[in-house]
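Residue numbers (this note's numbering), protein chains in the order written: chain A, 4 to 498; chain B, 4 to 498.
One or more of the hints may lead you astray.
Same chains, same names: a pair is fine if it fits in one copy or spans any two.
As the list claims (entries may be wrong) - No farther apart than 20 Å at their CA atoms in a straight line, the calculated lysine to aspartate or glutamate pairs in the DMTMM-like style are these: (1) Lys57 <-> Asp12; (2) Lys38 <-> Asp221; (3) Lys184 <-> Asp437.
Hint data in this document are derived by calculation from the structure and do not stem from the laboratory.
Protein chains: 2
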Amino acid sequence: MDARKAFYDRARQIFDLAQAQQALEWDQEVMMPPKGGTQRAHQLATLATVLHEKVTDPFYGELLDTLEDTADLDGRACADVREARRNRDRAVRIPPKLVAERTEACSLAQMVWMEARPKSDFAAFRPHLEKIVALTRDMAEALDAPNRYDALLDEYEPGMTEARLRIVFNDLRGRLVPLLKDIRGASRRPDPTLLTRRFPSEGQEAFCRRIVMDMGFDLEAGRFDVSAHPFTNGTLADVRLTTRYQENWLPCALFGAIHEGGHGLYEQGLDPERYRDPAGGACSMGIHESQSRLWENLIGRSLAFWCRYYPMLRDAFPGVLEGVPLEAFHAAVNAVQPSLIRTEADEVTYNLHILLRFDLESDLIAQRVEVKDLPERWNHKMKDYLGIEPPNDGQGVLQDIHWAAGLFGYFPTYALGNLYAAQFMEQMRTELPDLDAILSRGDLRTVKTWLNERIHVHGRFWTAQELCQRVTGQPLSAEPLMRHLDAKASATYGL
Amino acid sequence: MDARKAFYDRARQIFDLAQAQQALEWDQEVMMPPKGGTQRAHQLATLATVLHEKVTDPFYGELLDTLEDTADLDGRACADVREARRNRDRAVRIPPKLVAERTEACSLAQMVWMEARPKSDFAAFRPHLEKIVALTRDMAEALDAPNRYDALLDEYEPGMTEARLRIVFNDLRGRLVPLLKDIRGASRRPDPTLLTRRFPSEGQEAFCRRIVMDMGFDLEAGRFDVSAHPFTNGTLADVRLTTRYQENWLPCALFGAIHEGGHGLYEQGLDPERYRDPAGGACSMGIHESQSRLWENLIGRSLAFWCRYYPMLRDAFPGVLEGVPLEAFHAAVNAVQPSLIRTEADEVTYNLHILLRFDLESDLIAQRVEVKDLPERWNHKMKDYLGIEPPNDGQGVLQDIHWAAGLFGYFPTYALGNLYAAQFMEQMRTELPDLDAILSRGDLRTVKTWLNERIHVHGRFWTAQELCQRVTGQPLSAEPLMRHLDAKASATYGL
Chain A
4 MDARKAFYDR ARQIFDLAQA QQALEWDQEV MMPPKGGTQR AHQLATLATV LHEKVTDPFY
64 GELLDTLEDT ADLDGRACAD VREARRNRDR AVRIPPKLVA ERTEACSLAQ MVWMEARPKS
124 DFAAFRPHLE KIVALTRDMA EALDAPNRYD ALLDEYEPGM TEARLRIVFN DLRGRLVPLL
184 KDIRGASRRP DPTLLTRRFP SEGQEAFCRR IVMDMGFDLE AGRFDVSAHP FTNGTLADVR
244 LTTRYQENWL PCALFGAIHE GGHGLYEQGL DPERYRDPAG GACSMGIHES QSRLWENLIG
304 RSLAFWCRYY PMLRDAFPGV LEGVPLEAFH AAVNAVQPSL IRTEADEVTY NLHILLRFDL
364 ESDLIAQRVE VKDLPERWNH KMKDYLGIEP PNDGQGVLQD IHWAAGLFGY FPTYALGNLY
424 AAQFMEQMRT ELPDLDAILS RGDLRTVKTW LNERIHVHGR FWTAQELCQR VTGQPLSAEP
484 LMRHLDAKAS ATYGL
Chain B
4 MDARKAFYDR ARQIFDLAQA QQALEWDQEV MMPPKGGTQR AHQLATLATV LHEKVTDPFY
64 GELLDTLEDT ADLDGRACAD VREARRNRDR AVRIPPKLVA ERTEACSLAQ MVWMEARPKS
124 DFAAFRPHLE KIVALTRDMA EALDAPNRYD ALLDEYEPGM TEARLRIVFN DLRGRLVPLL
184 KDIRGASRRP DPTLLTRRFP SEGQEAFCRR IVMDMGFDLE AGRFDVSAHP FTNGTLADVR
244 LTTRYQENWL PCALFGAIHE GGHGLYEQGL DPERYRDPAG GACSMGIHES QSRLWENLIG
304 RSLAFWCRYY PMLRDAFPGV LEGVPLEAFH AAVNAVQPSL IRTEADEVTY NLHILLRFDL
364 ESDLIAQRVE VKDLPERWNH KMKDYLGIEP PNDGQGVLQD IHWAAGLFGY FPTYALGNLY
424 AAQFMEQMRT ELPDLDAILS RGDLRTVKTW LNERIHVHGR FWTAQELCQR VTGQPLSAEP
484 LMRHLDAKAS ATYGL
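Okay, chain A solo, but in the shape it has when bound (with noise of 0.2 Å):
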């Protein structure tokens, strides 16, 4: 069938050209000199332009309607059809002009927020966000969804509704709040600031390696190296992990590099007969966090992990950690404190950080909000949340970037990661139950063996509510999280 091999063609070039920028970017971050950022942006445009091009052509619809009018297609290529469907469509219906104002708007804005958020001037981005939230809004309109929240959602986490994470977020704050007060009135107390002992950069870096292999990540198939900001980037035979050493804050590396290996174990588990077609990459983006979250939360601050690697740990640091029992360091790492800023945030406080970005977005592409009241709203929530209040906007509504990025939709999937993170773990643990046996050993293949076949493995067969189902036999739901944090919350301040 000619236009079946045709679409394979073309899905699989529109890949290899994102697969070609991703390598380009992840140089950007770790190699390129200096210098070297004007021409690196000329060929990343270039490149969007070519993709852009691939995506839209006429061809190429011709191509998906001739498949989607084909009776006999498999399982397999349907799923391949509608993705390239989906991501066609947004391309198609956003006009190219909405891009171009889109994109410079949020370059501009980028560089205005660089300055304004060391100043803490709101005024000064202010403009620039209300065109952003305009032109936002005109996008998700051109994108012709019931509702103009769902279109942007959809792009990072397909399938899913404003009114559903309604549902499951207003479940988990009514439960997380009243949590946060007890842990704060609670009298036993870990001290986290054993963790800022002076932990060599060296020590950190094999010590970090060390627990990556040992998951399972394949380092014949990827690297590991130091950037600014941690990011996984590539697929399959070819996935790069980045992190930062803190020689003064353990956690940052280490967990960081546990989650960056989360990502990392995901996109090398896909399978490589499929990987370059539609349907053959990763789910949607809470999925990809579901397993970055699942290895550092879940599988990485858990007292079985440590049982294996706390003697590996205190070896790799002489001395540092005389005297401190393993429970005082589980309990450290567990430490719950509300904090002004999100990527600093533990496994209790990071959820209401979200969840208040999360009310606060979507009010605003609902207009139910204006950009002008945004400070006052966030502290108000701030407040109402987490029991503290910001005292500038600097530490406040300016300390992401996402939205002068024009990420909107994008922050409901790192709590969305956490959620099905919990669900997912919760179902290992039924079908492996002696799994704190397994990570007292150190046997951490066999997580990622469960996770590759239970999920990497199906790629974006099915949509991510579907997946959790079928792993889970549930749907998505908030309380398996709050099981976890409720049970933690009891181990490490005895509530």
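Based on these hints, arrange chain B on the given structure of chain A.
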């Protein structure tokens, strides 16, 4: 003028895609994990396809037609249109089926070559080379030049012809062969074995980096790394050099780094206002090689250069060069010795290796010789030119990958580089009469500036031969190189 703007937009897209290819190739050689090869091959194949589509797109052809009919184009735009047309004509004239067939044949031939070379098994390689030669003849035919070999040369050295090469190369051979005989009979002999003492890699790395920086290579606009086969890639603000270290053979990394540094300075020295335009890049492969050879041989093996750097070299390797006077070291790095392998050849015999390959490949393309007779011809010419004979085909006709890769018309640019370098150097000495004093005080930037102004900044506004005439007032000639080699033979061998 709209056609003009559209032309430059498209030409710069083509440039950006080519640069993206280079960046991915650098990554492949220097950074990519071992298993990443297949994915990278897909990405590079797709980029090559897209690049070919952009170059052969009828719209681009129409833009060129329009601009060629425009009376009031300035010289710069004329040069850009001329270069774009040259590039497009090559792409349009070769039938896609022939491109695909030749690419596949070369890919297969290179795999066979890799097995055949260590086994000296020419018989296994022969049918593959026969196929490549036949397809290359077809390609040359399609390019529709008066002479088939000229059509091949044109890709690497625009405007150069087989006839012109033959005159210069015959002249060169007529003087190199007797010079080599004299050198072999000389009673004074340098001792190159002192270069086989142990020079630790770290010391070599620091010393090479120092020299490359002294040459004026900007490491904020480039990198200096290690790879199995040294090369330079990228342009202007992102130029990457590689080298490799042999602890028991100092010249490998040392002259390798200076050589690549010469290529790198050329790329960094292009006109920043024009580098993305068709006539903004490097002039030709021969001119490129002239820059690397000028630095490697005419600067880097000069006595004046080592007056400055020999004391630093001795400091970099304490004790290793104890008791070796400057003159003995300088003689050692200028030792001449016929050898079987081109890449290990000295300044005199290197050119004879190239002349031999030019003779054979031009004969192959013109069907004056058949592939089956190649080993015999090779060995006969080695005896004739260099006075030695390969004990087997692995060290003879099978030693280079070039023909397996379909590179015909490429070898001559190596010798052209040496010729242009010597001719430029004579001119530089005329304009900078105190050059030796400049070099002895390590003021390498003066050389860089001279090359920047005379050669680099002009890109490919002129052909190589026009550039040579403009810079030196003379057409290409073997005289300057022979004067240089005669003088060096006199100093080193007392001839």
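So, going through the hints one by one against the coordinates:
1. Lys57 <-> Asp12: Result: close both inside a copy and across copies, 11 Å intra and 18 Å inter.
2. Lys38 <-> Asp221: Intra 33 Å, inter 10 Å, cutoff 20 Å: inter-copy only.
3. Lys184 <-> Asp437: Neither, since 33 Å and 81 Å both go past 20 Å.
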